[in-house]
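Listed below, chain by chain, are the residues.
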Amino acid sequence: MEVEKLYEMLKKIQEPKGYNFNIDKKRVFELLEALIKNKDRYGYMVCPCRLASGSKENDRDIICPCVYRKPDVEEYGSCYCNLYVSTDWNQNKIPHEYVPERRPPEKIMF
Amino acid sequence: MSEKPIKLYSLSTCSHCKSTKKFLSDCTILYEFVDVDLLEGEERQAILEDVKKFNPKCSFPTIIIGDTVIVGFKEEEIKEALGL
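So the protein lines, in turn, are chains A and B. Add 21 to a position in the first sequence, counting from 1, and you land on the number used in the working numbering. Add 176 to a position in the second sequence, counting from 1, and you land on the number used in the working numbering.
Note that these hints are calculated values from the structure, not bench results. In this text, a Cβ means the ideal position worked out from N, Cα and C, and glycines have one as well. Treat the hints loosely; a few may be bogus.
Stated by the list, open to error - Taking beta-carbon pairs under 7 Å as the criterion, some of the chain A residues facing chain B (in silico):
1. ARG48
2. LEU52
3. ALA55
4. PRO69
5. CYS70
6. LEU72
7. CYS102
8. TYR119
9. GLU122
10. PRO126
11. ILE129
Okay, chain A solo, but in the shape it has when bound (with noise of 0.2 Å):
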């Protein structure tokens, strides 16, 4: 999939829920590049800036958009990747933290 075409086409979709793309759109298309590489090496989009273990069942968690990126996106305004960012973030209404790891460490799998 080409990255222009999955950016348009998650904007659609998480838009309308209140997760924009960060207003840094050179980093997004990295991510979503990123996204698409680990599509390609594993079957589906986990998370970019986390380790997958390659199998599905323990890697559900951390699929983008991660379970991690709601609690992420109220408390700090932007998800751990800052890919998907509240408007308020975008807008500088609020410090750009960095955002700690929420996954637990058990969940990391070898």
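For this one, chain A is given, so just place chain B on it according to the hints.
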């Protein structure tokens, strides 16, 4: 300029890891890195055991500057550890 050894545990796809690599390169700082997602089997497991010792959450990037462990691309903390 810092003489401390710098080791970076990263993922090839991660935006924060890319930013960290770019930052260190822009500062013309020599560093060692390993993209853990590109490793397989025992090699991956061995490296992950190392990462866990520094960062129990095993998240990326994990940056080791001398005795300082920095989790995530935190520019100010990295600068401080490097004495920049």
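Evaluation of the provided hints:
Taken as an interface hint, ARG48 of chain A checks out: its beta carbon lies about 6 Å from the nearest beta carbon of chain B, inside 7 Å. For LEU52 of chain A, the suggested interface contact is upheld, since its CB lies about 6 Å from the closest CB of chain B, less than 7 Å. A cut of 7 Å between beta carbons decides the hint on ALA55 of chain A: the least distance to chain B is about 4 Å, and the hint holds. At a threshold of 7 Å, the smallest CB-CB gap from PRO69 of chain A to chain B is about 4 Å, leaving the interface hint in force.
At about 4 Å, the closest approach between the beta carbon of CYS70 of chain A and any beta carbon in chain B falls short of 7 Å, and the interface hint on this residue holds. Checking LEU72 of chain A against chain B: minimum C-beta separation of about 6 Å stays under 7 Å; hint holds. With its C-beta approaching chain B no nearer than about 6 Å, CYS102 of chain A sits inside the 7 Å limit, and its interface hint holds. Using the Cβ-Cβ criterion of 7 Å, the hint placing TYR119 of chain A at the interface with chain B is satisfied: the shortest such distance is roughly 5 Å.
The beta carbon of GLU122 of chain A comes within 4 Å of a beta carbon in chain B, closer than 7 Å, and the hint placing it at the interface holds. With its C-beta approaching chain B no nearer than about 5 Å, PRO126 of chain A sits inside the 7 Å limit, and its interface hint holds. The beta carbon of ILE129 of chain A comes within 5 Å of a beta carbon in chain B, closer than 7 Å, and the hint placing it at the interface holds.
Violated hints are absent here; each numbered hint is respected by the structure.
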